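All chains should be built: construct the whole structure from the sequences, respecting the hints.
Number of protein chains: 2
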Amino acid sequence: MKVREVADLVGISVRTLHYYDEIGLLKPEKITASGYREYSEKNLETLQQILFFKELGFPLKRIKEIINNPLFDRQKALEVQHKMLLNRRSQLDKMIRTIEKTIDKANARIAALSKSGQEEFAEKFKAIYENLAKVRHLPADSEEALAAIEEWYLFLNKMGDYSLEAFKNLGEMYVDDPRFTENIDKFGEGLAKFMRDAMAVYADRNK
Amino acid sequence: MKVREVADLVGISVRTLHYYDEIGLLKPEKITASGYREYSEKNLETLQQILFFKELGFPLKRIKEIINNPLFDRQKALEVQHKMLLNRRSQLDKMIRTIEKTIDKANARIAALSKSGQEEFAEKFKAIYENLAKVRHLPADSEEALAAIEEWYLFLNKMGDYSLEAFKNLGEMYVDDPRFTENIDKFGEGLAKFMRDAMAVYADRNK
DNA sequence: ATAAAGTATTACGTAACGTGAGAGTCAATA
DNA sequence: TATTGACTCTCACGTTACGTAATACTTTAT
Chain F
1 MKVREVADLV GISVRTLHYY DEIGLLKPEK ITASGYREYS EKNLETLQQI
51 LFFKELGFPL KRIKEIINNP LFDRQKALEV QHKMLLNRRS QLDKMIRTIE
101 KTIDKANARI AALSKSGQEE FAEKFKAIYE NLAKVRHLPA DSEEALAAIE
151 EWYLFLNKMG DYSLEAFKNL GEMYVDDPRF TENIDKFGEG LAKFMRDAMA
201 VYADRNK
Chain C
1 MKVREVADLV GISVRTLHYY DEIGLLKPEK ITASGYREYS EKNLETLQQI
51 LFFKELGFPL KRIKEIINNP LFDRQKALEV QHKMLLNRRS QLDKMIRTIE
101 KTIDKANARI AALSKSGQEE FAEKFKAIYE NLAKVRHLPA DSEEALAAIE
151 EWYLFLNKMG DYSLEAFKNL GEMYVDDPRF TENIDKFGEG LAKFMRDAMA
201 VYADRNK
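Line by line, the protein sequences are chains F and C.
Using this note's numbering, the first residue of the first sequence is number 1, and each one after it goes up by one.
Using this note's numbering, the first residue of the second sequence is number 1, and each one after it goes up by one.
Keep in mind that the hints were calculated from the coordinates and are not lab data.
All values derive from a computational prediction rather than experimental measurement.
Just so you know, not all the hints are guaranteed correct.
[Claimed, not checked] Within a straight-line C-alpha distance of at most 35 Å, the following computed DSBU-like cross-link-like pairs (lysine-lysine) qualify:
| hint | chain 1 | residue 1 | chain 2 | residue 2 |
| --- | --- | --- | --- | --- |
| 1 | F | 83 | F | 42 |
| 2 | F | 61 | C | 101 |
| 3 | F | 94 | C | 76 |
| 4 | C | 101 | F | 94 |
| 5 | F | 105 | F | 186 |
| 6 | C | 105 | C | 61 |
| 7 | F | 54 | F | 101 |
| 8 | C | 61 | C | 94 |
| 9 | F | 61 | C | 105 |
| 10 | F | 64 | C | 76 |
[As the list claims (entries may be wrong)] Residues from chain F shown here face chain C by an in silico Cβ test under 8 Å; the list is partial:
| hint | residue |
| --- | --- |
| 11 | 23 |
| 12 | 56 |
| 13 | 75 |
| 14 | 78 |
| 15 | 89 |
| 16 | 90 |
| 17 | 95 |
| 18 | 96 |
| 19 | 99 |
| 20 | 104 |
| 21 | 106 |
| 22 | 141 |
| 23 | 142 |
[As the list claims (entries may be wrong)] Label-pair restraints from in silico Cβ distances:
| hint | chain 1 | residue 1 | chain 2 | residue 2 | range |
| --- | --- | --- | --- | --- | --- |
| 24 | C | 172 | F | 48 | 19 to 29 Å |
| 25 | F | 130 | C | 36 | 51 to 61 Å |
| 26 | F | 32 | C | 22 | 39 to 49 Å |
| 27 | C | 157 | F | 11 | 23 to 33 Å |
| 28 | F | 122 | C | 22 | 43 to 53 Å |
| 29 | C | 150 | F | 52 | 22 to 32 Å |
| 30 | C | 62 | F | 51 | 44 to 54 Å |
| 31 | F | 19 | C | 83 | 27 to 37 Å |
| 32 | F | 24 | C | 175 | 20 to 30 Å |
| 33 | F | 87 | C | 15 | 19 to 29 Å |
For each residue, glycine too, the CB sits at the ideal point set by N, CA and C.
Below, the structure written as structure tokens:
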């Protein structure tokens, strides 16, 4: 069998076969007069073994040792690899927990900002809400609405990092969480809903 | 602060700082007349950020974007990274399950072999060696020799996967490694050498 | 002043291929 | 038979995040 045939059969690239040949991991049974690689059935079996160990995350160097050395302790190799994988997983878990905490903190900060009675921000909030209340009868994707929303977005941005996605989610909360809704609607009937829509439009448009 | 000082402070190598400078991830505040890197407090803060994202598994390229572009959507980047990590973990889990299954199967096979009486295992070896000793005067490619060798090959295969190549290599070792040679030749003068030849013939013939 | 310690700049090595580039080969068609 | 399209071959650079010399200059300590 020629390279392409073998490659397609097991689902790898021709380059990979070239590479395996190059590093002596899997040399074709013979090479034709014109320099083409010819793989045998036996080569295919070896390849299966190689791919099996590859699936288990073994580096090619180890695989080569395992394949070539009949005395190599496969069992022990498997156990060593198993431990390595467990270690890698716990590292990954740590990273995942860290990143989740970070995301949560960011969300909490945004929520806290919105809810906080900090005088400093309260006025800005009020100004923006009032400004928005004035245009709430316009469509959410109107020039005026979006301009007002942008002011809101830029203001929040000064407080901390967050994404347009988070901004959009914040809008959702305005409607879903009655504590927000009530607070905001004091500035105008249906303002929360209006803000949610405009924030969504703004976020989507600036993605 | 100079490189070593910074490096020790955050627990990275000098080379790493050189590298970060080289790829423009963290350039020192200034460079002295003699070409020494001088890091500022601000540099240290940036470095902390860099290391934080590195802990989360971000590639340096992304970190550079995040650090250099204040408008870069950090939140979204975190979410994307989070998804990537989850994917990597599920891949790892799959690998771990596979390797555990493999180990279990091997253990079961060994247990099955032992269950039939640990003596039987040793006896099989002895029987095969004695059997081979009887035909060692025949040519290595004779019917009888190859039949005996095949029994040997099939028996080994029951205990673990043996490629024909590995089988052949094992034969080489019988001659090259005196520990084997000695042990085997107890069953007959020159048996190791005979086995090596017969195993090579068997392996080549069944390729 | 001299030695020890620190720093700087190349530059190769690593893992496992991906991706051309340039050239030869094989089979089928005009 | 000549051409063409489909394959194959061998370079050889690019990728990631530094580790590890090798060589040379600077600063610090004695």
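To see whether the hints hold, each was checked on the structure:
1. Distance hint between residue 83 of chain F and residue 42 of chain F is fulfilled; the C-alpha atoms sit about 31 Å from each other, no more than 35 Å.
2. For the hint linking residue 61 of chain F to residue 101 of chain C, the alpha-carbon distance of about 23 Å falls within 35 Å, and the restraint holds.
3. The suggested pairing of residue 94 of chain F with residue 76 of chain C holds, with an alpha-carbon distance near 20 Å, which does not exceed 35 Å.
4. Between the alpha carbons of residue 101 of chain C and residue 94 of chain F the distance comes to roughly 26 Å, so the proposed pair stays at or under 35 Å and holds.
5. A C-alpha spacing of about 28 Å is found between residue 105 of chain F and residue 186 of chain F, which places the hinted pair at or below 35 Å, so the restraint holds.
6. For a cut-off of 35 Å, the pair hint linking residue 105 of chain C to residue 61 of chain C is broken: about 43 Å separates their Cα positions.
7. Only pairs whose Cα atoms come within 35 Å are accepted, and residue 54 of chain F paired with residue 101 of chain F is accepted, the gap being roughly 34 Å.
8. Of the pairs offered as hints, the one joining residue 61 of chain C and residue 94 of chain C holds, with about 29 Å between alpha carbons and a cut-off of 35 Å not exceeded.
9. For the given pair, residue 61 of chain F sits about 25 Å from residue 105 of chain C by alpha-carbon distance, which is consistent with the 35 Å threshold.
10. The straight-line distance between the Cα atoms of residue 64 of chain F and residue 76 of chain C is roughly 42 Å, outside the 35 Å bound, and the hint therefore fails.
11. About 17 Å separates the beta-carbon of residue 23 of chain F from the nearest beta-carbon of chain C, more than 8 Å, and the hint is not met.
12. The interface hint given for residue 56 of chain F holds, since its Cβ lies 5 Å from the closest Cβ of chain C, which is under the 8 Å cut-off.
13. For residue 75 of chain F, the interface hint holds, the least distance from its beta-carbon to any beta-carbon of chain C being 6 Å, beneath 8 Å.
14. Using the Cβ-Cβ criterion of 8 Å, the hint placing residue 78 of chain F at the interface with chain C is satisfied: the shortest such distance is roughly 5 Å.
15. A hinted interface residue such as residue 89 of chain F counts as satisfied when its beta carbon comes closer than 8 Å to some beta carbon of chain C; here the least separation is about 5 Å, so the hint holds.
16. Contact between residue 90 of chain F and chain C, as hinted, is not supported at the beta carbon level, the nearest pair being about 10 Å apart and thus beyond 8 Å.
17. Hint status for residue 95 of chain F relative to chain C: holds, with the closest Cβ pair at about 5 Å, below 8 Å.
18. The restraint placing residue 96 of chain F at the interface with chain C holds, with a minimum CB-CB distance near 5 Å, inside the 8 Å limit.
19. The closest approach between the C-beta of residue 99 of chain F and any C-beta of chain C is roughly 5 Å, which is under the 8 Å cut-off, so the hint is satisfied.
20. Given the 8 Å rule on beta carbons, the hint for residue 104 of chain F is violated: about 10 Å separates it from the nearest Cβ of chain C.
21. With a cut of 8 Å, the hint placing residue 106 of chain F at the interface with chain C holds, because the nearest CB-to-CB distance is about 6 Å.
22. The closest approach between the C-beta of residue 141 of chain F and any C-beta of chain C is roughly 22 Å, which is over the 8 Å cut-off, so the hint fails.
23. About 25 Å separates the beta-carbon of residue 142 of chain F from the nearest beta-carbon of chain C, more than 8 Å, and the hint is not met.
24. Range check, residue 172 of chain C to residue 48 of chain F: Cβ separation about 24 Å, and the 19 to 29 Å hint holds.
25. For residue 130 of chain F and residue 36 of chain C, the hinted distance range of 51 to 61 Å is satisfied, since their beta carbons lie about 57 Å from each other.
26. Residue 32 of chain F and residue 22 of chain C have their C-beta atoms about 47 Å apart, which keeps the hinted 39 to 49 Å range intact.
27. Remark: the range hint 23 to 33 Å for residue 157 of chain C to residue 11 of chain F is upheld by a beta-carbon distance near 27 Å.
28. Judged by the Cβ atoms, the range 43 to 53 Å given for residue 122 of chain F and residue 22 of chain C holds: they are separated by roughly 48 Å.
29. For the pair residue 150 of chain C and residue 52 of chain F, the supplied restraint of 22 to 32 Å holds, since their beta-carbon distance comes to about 25 Å.
30. The supplied range of 44 to 54 Å is broken by residue 62 of chain C and residue 51 of chain F, whose beta-carbon atoms lie about 31 Å from each other.
31. Evaluation of the 27 to 37 Å hint for residue 19 of chain F and residue 83 of chain C yields a pass: the beta carbon distance comes to about 30 Å.
32. A beta carbon spacing of about 23 Å between residue 24 of chain F and residue 175 of chain C agrees with the range 20 to 30 Å that was offered as a hint.
33. At roughly 25 Å, the beta-carbon separation of residue 87 of chain F and residue 15 of chain C lies within the given 19 to 29 Å, and the hint holds.
Of the numbered hints listed earlier, those contradicted by the structure are 6, 10, 11, 16, 20, 22, 23, 30.
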